[in-house]
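**Q** Single-letter residue listing:
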Amino acid sequence: MTEPTTALPGDAVNEGGSILKLEGVEKRFGNLEVLRGVDLEVKRGSVTCVIGPSGSGKSTLLRCINLLEPPNGGRILLEGKEITGSMARDELDFVRRRVGMVFQQFNLFPHKSAIENVSIAQEKVLDRSDDEAQAKSEALLARVGLADKLHEYPDRLSGGQQQRVAIARALAMEPHVMLFDEVTSALDPELVKEVLDVMQELANEGMTMVVVTHEMGFARGVADEVVFMDDGVIVEHGEPHEVLANPREERTKRFLGLVLGT
Amino acid sequence: MDFILEYYFDFGRMIDELGPVLEGFWYTLKLSIIAGVLSLAWGLILAVLRQLPGRALAPVRWLTIGYIDVFRGIPLLLVLLLVSGFLSSASAPVGGELIPRSIGVPEWLGQPSPFWYGIIALTITYGAYMAEVYRAGIEAVPGGQMEAARSLGMSHGQSMRSVIVPQAIRKVIPPLLNDYIALMKDTSLVSFLGLIEVVQAGFDYQTLNINGSALTLGAILFLLVTIPLARLIDWMISREQTKTQRGGGGGEDLQPGPAPTGMVGA
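Read top to bottom, the protein sequences are chains A and B. Each residue of the first sequence is one higher than the last, beginning at 1 in my numbering. Each residue of the second sequence is one higher than the last, beginning at 263 in my numbering.
Everything labelled a hint here was simulated from the structure, so no lab data went into it.
Heads up, simulated SDA-like pairs for lysine to any residue below, C-alpha to C-alpha not over 20 Å straight-line:
1. A:K112 - B:S421
2. A:K149 - A:D131
3. A:K112 - B:G419
4. A:K124 - B:Q420
5. A:K112 - B:E409
6. A:K149 - A:E194
7. A:K124 - B:G419
8. A:K124 - B:S424
9. A:K112 - B:P404
10. A:K112 - B:V427
11. B:K433 - A:Y153
Partial selection, computed: residues in chain A whose CB lies under 10 Å from chain B:
12. R96
13. F103
14. F106
15. L108
16. H111
17. K112
18. R169
19. A172
C-beta: ideal position from N, C-alpha, C; glycine also.
This is chain A alone, in the form it adopts within the complex (with noise of 0.2 Å):
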């Protein structure tokens, strides 16, 4: 990343240093609700971890967070701006230029090289030339370990060099929250670490990250807030050390059980 992220002109009106604020957010497939109000606040330049079983709702609420599937109630505001509701254009551009976001499948553009999955939409949206978002995306993929791999295709990359790819075609458009939807959940093993590892970094530089993981060990060391989700609803959040060594609520110490084998 060539600067911090974080000195925002947005910082004047956003109360108390919450960049995102979810209120009472509600999501329903049909007559599945998979998010039964959902209240959350992210601190800018904090990193929150959402953890929970498998269908509890966690990768539904980044979707929303971003807008690839629109809340079905309950509203949502970043940066003090509430973009739930109408659902115009505009709305959708101030959102997504402001939240990267990093899938499980990494899904990289396959017939683009690496550099031309950083640079695709910094020349698209951003209109920035072809020699700037070269360069841009230079400096990007070298910050995550992959200068040399700038023009590879991604199906002659590894798992964890192409989320790293994935990466930094999010920190492209210079966004102020980055979303991780169990970014390492689909890796081998031993590829794991070289993600955990660029995520960390871009903690420290301040960047503010809501990370969904089963990663605990991630969790414990990098997370401000650790927020524990089931059946659609927040069940307990809180600082690593209360919720992961000292949960208050029963489903949140069976699920620890459960994954920390203890």
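Using the hints, position chain B against chain A.
**A** Chain B in isolation, oriented as in the chain A frame:
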């Protein structure tokens, strides 16, 4: 036995009649190349219209689906007759000269009007076929591709143009070429309007000589084009398969699943 051989393979006649048959085949080639290119483009436009997002654009989707259903479901010959009949009469006094004669009876680029009626009818019909092929390709691109593009702030149109359609086209080149072979063979229907393409040229000689060698010659000319195309399609398909088996395709082949690491720490 001699009669059979002579009826189909009279090489003396073939050589004598080669000129006119080749002239007919030249029409066949021109028809199939121009109509082929136009159908490929029109089919892609239809496929993209069919995928437009949002409730406001639903009428466009329905119209497109209706168009594709209709023209896939009726014979090319029928379309050809309707198009040529309408255009020629609409530009004549009987049709109140609804459209200018240069469009109603087109003789562009020095080609006779049946040629252009054929181009129009072939494009209308094969555009519908090819739209369905493109659609299959678009739907075969994993949904995560569109999501990734949209999450980067690209619009639906930008995402289609730079991300989805290029991948879709790669997947459907073999079936598109199949449709192209079918289109090439169907150009013979334009003979109904009096155009002497290769089949009509051969048929004229058959009627005249009570001998089918000129038609055999036409068949050979077709095969000279279609068999290499068929081999090319096979080669492309097998290349695609080896690539997929090797694990290409940019991560689509990676199995989703729960964290394989066990949990770090404890």
